[in-house]
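Enquirer: Sequence:
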Amino acid sequence: MPEQKPVNKKYLGLKYGEILIKLKKITPEELDSILIAQKNTKNTLGEFLLQRNLITEDEQLRFLSYQLGIEYREDLLISSSAILSTNLPRPFIKKYNVVILNETETNSEIAINDPFQFEVIENIKTFIKKNVKLVLAKKLDILKLSDALTGEDGESADEVIEGLKEDGNIQIIGEVTDTGEDVLDLANEAPIIKLVNLIITEALKERASDIHIEPSEEGITVRQRVDGILYNVLSPPKRYQQAIISRIKIMAHLNIAENRLPQDGRINVKYGTTDVDIRVSTIPSVVGERAVLRLLVKDEKRYNLSKLGMDEELLNDFKDIIKVPHGIVLVSGPTGSGKTTTLYAGIKEINSSEKNIITIEDPVEYRIKGISQIQVNPKINLTFASGLRSILRQDPEVIMVGEIRDRETAEIATQAAMTGHIVFSTLHTNDAASGVVRLIDMGIEQYLIASTVIGFLSQRLVRVLCQQCKVPQKIDKEILRSEGLDPRQFEGKTIYAPAGCPKCQNTGFFDRMGIFEMIKVDDRVRKMIIEKRDASFIRKKCVDSGMKTMLDDGIEKIIQGITSLDEVFRVIRD
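Going by this note's numbering, the final residue of the sequence shown carries number 574, and the count climbs one at a time with no gaps.
Warning: the hint list may mix true and false statements.
Unchecked claim - Within a straight-line C-alpha distance of at most 30 Å, the following computed DSSO-like cross-link-like pairs (lysine-lysine) qualify:
#1 125 with 94
#2 348 with 548
#3 129 with 39
#4 270 with 42
#5 503 with 307
#6 493 with 474
#7 144 with 205
#8 139 with 22
Stated by the list, open to error - Simulated restraints on C-beta separations:
#9 311 with 382: 32 to 40 Å
#10 313 with 484: 22 to 30 Å
#11 197 with 51: 32 to 40 Å
#12 313 with 122: 50 to 58 Å
#13 292 with 106: 30 to 38 Å
#14 264 with 561: 35 to 43 Å
#15 382 with 32: 56 to 64 Å
#16 255 with 367: 22 to 30 Å
#17 335 with 255: 26 to 34 Å
#18 367 with 95: 22 to 30 Å
#19 284 with 230: 15 to 23 Å
#20 122 with 30: 35 to 43 Å
#21 500 with 33: 52 to 60 Å
The set of hints was computed from the structure by calculation and includes no laboratory data. All residues carry an ideal CB built from backbone N, CA and C; glycine is no exception.
Construct the complete structure from the given sequences, taking the supplied hints into account.
Expert: Take a look at the structure:
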C-alpha cells in the first residue's frame, strides 16, 4: 500500500468558504458575491468555483481534504493491488468517479472525487461487504486507473486467443471471397471483436504509438512501438489472420473484399476520458495483408513547450523566435523525432483570439481549438503547395505547413514570410545547419533563405529512464573517448542505466523527451548562407559561437539522470 500522508487538520470543521478566506484565495466580500451566485445552482461551493475557473481541481480537492479530514491522494499508484477495482462494474466507476485502490479481508480503500455521494458510498459498502476508507482523487486519475484494466471481465488478449483455440464453433476460411460475406461474418464474431478491441486497449495502456500486425508463413506477429522501440506482444495462430485484418478493415470503413491494393482509413475511439484517432494502413504481401495502426492520442499536455525537454535558455530563445511577426521557423529531424509535436506546442504558445492561424497537414494529428486546420488530399490536388497558396488568400498571421517537400512549397513559404506572415514547417535533415543546404538543394536562392528563415531547430527523441528502477552506471572513460567525449565533464557525476520493473514493463524506460539544437539566424549566419557555406562550416562556426549541439543537450540530460549514455548514442547515430 502507498505510504499514507498525514491529513492537515488545521482547518478541520471549518466551512469551505472560511478555508478559502484563511488561505487568502478570496476576500470576505468576494465570498458574499460568490455565495449569492452559487445559491441558484445545485453545485457545492468548490464545484461552483471550479466550473468558473476560479480554482483548479487540485485546489478544490486539497481544500476539501482540509475541511473533511480526508486524505487527498495526488497520484494514484497503478499496482497489482489496484486491479482489485474490477470488483466494481466499469460503468459504475465512470459514472460516479470512484475506484477501489486496495483491499484486505475486512477493509477497502476507495478513491472518490465527490465524497458527498453518500448513497453511492453506502451502495459500495453493501456491494463489497467491507469497511470503507475514503481518499480524494482527481476525476482523470480515477478514470486512468480504471483504464489500466485489460477489460470489463479482466481478460487479456492472450486469454482471448486461448479461448478462440478452444472454440470449435468458429469457422476459419482460407481466403477472402469476392463478396467478402464469409469474412464479414467471421470478423463480427464476438471473440474476434473482443480480441481486436483488447489489442488496441492494451496498446493504449502501454502508451504505444503504433500497432503492427504482420503475417508470416507460420502465423501472425502483433507488435507495439513503445517509446520508439518495437516489441513483440502477441502471436495469434495463422488461421485467425483473415478475421483480424477484416475486423480492423470494418472498423476503419475499408473494403474488406479488396486484398490486392493498399488501403488507408481511420478509427475514432474513446479510451476513458481520452479521444484517440487511429490511422489504419493495410498493404498486401505474399503471405497475406499486413496492417499498421498509428495511435494518435489527443492529449493537450503533450503539446506544451515546457514539457518537451528544452532547457531554460533554449526554451526562451525558441519562444522569442516564434513570437517574431514574420519569417520562417523550421524544425528538422528524421521521421518520428517529434517535429510535429514541437510545431503544435509552438502554435499553442502563440495562439490567441487576435491571430488568424491556419495549418495544412498530412495528416491533421491533433485538433487545436480556434485554429483552422486543412488535411492534404492529393486525390483532389490539395497538396502542401496548392493549399498554402490558397491559405495566403485567407488573411492569416500564422501559417503551419506540415512539411516542405519540394521547391514549389518552399518558394510559396518564402513569399509568405516576405509578405508579413510567420510560417512554421518541418524538414527532413540530420541537424540544424543541414536545413540551409536542404533549401538550397531545393532551388531556393541563398538571399531568400537569409532574409526569411529566422531559426532552424533540430531534434531527436531519447527514452527517459524509469525513475523507479534506474541504477547507477560505472563511467568507462575509454568508451567516452571512443565517442569523442571528454571524460572530465563526467568527473564527480553519477550517471544511470536502465534496469527494468513492472512500471516500465521491464524496459528500464518510461516516456520520451527531446534533445535539441537551434541556430538563430543572425547577421553572422546570414552572411554564411549568402556565401553558400556548407553545413559543416556553418555548424562549426555556430558551435564556436556557443551553440549547444544535440549531443551536448543529451549529455546534460545524462548527467541530470534523465536518460542513459547508450540511449543518447543510439539516437545521435541514427
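Enquirer: So, for every hint listed, does it hold in this structure?
Expert: Each hint, compared with the structure:
no., hint, verdict
1, 125 with 94, "holds, 18 Å"
2, 348 with 548, "holds, 25 Å"
3, 129 with 39, "violated, 37 Å"
4, 270 with 42, "holds, 29 Å"
5, 503 with 307, "holds, 21 Å"
6, 493 with 474, "holds, 10 Å"
7, 144 with 205, "holds, 9 Å"
8, 139 with 22, "holds, 26 Å"
9, 311 with 382: 32 to 40 Å, "holds, 39 Å"
10, 313 with 484: 22 to 30 Å, "holds, 24 Å"
11, 197 with 51: 32 to 40 Å, "holds, 34 Å"
12, 313 with 122: 50 to 58 Å, "holds, 56 Å"
13, 292 with 106: 30 to 38 Å, "violated, 49 Å"
14, 264 with 561: 35 to 43 Å, "holds, 42 Å"
15, 382 with 32: 56 to 64 Å, "holds, 57 Å"
16, 255 with 367: 22 to 30 Å, "holds, 27 Å"
17, 335 with 255: 26 to 34 Å, "holds, 28 Å"
18, 367 with 95: 22 to 30 Å, "holds, 27 Å"
19, 284 with 230: 15 to 23 Å, "holds, 21 Å"
20, 122 with 30: 35 to 43 Å, "holds, 36 Å"
21, 500 with 33: 52 to 60 Å, "holds, 56 Å"
When each numbered hint is compared with the structure, violations occur for hints 3, 13.
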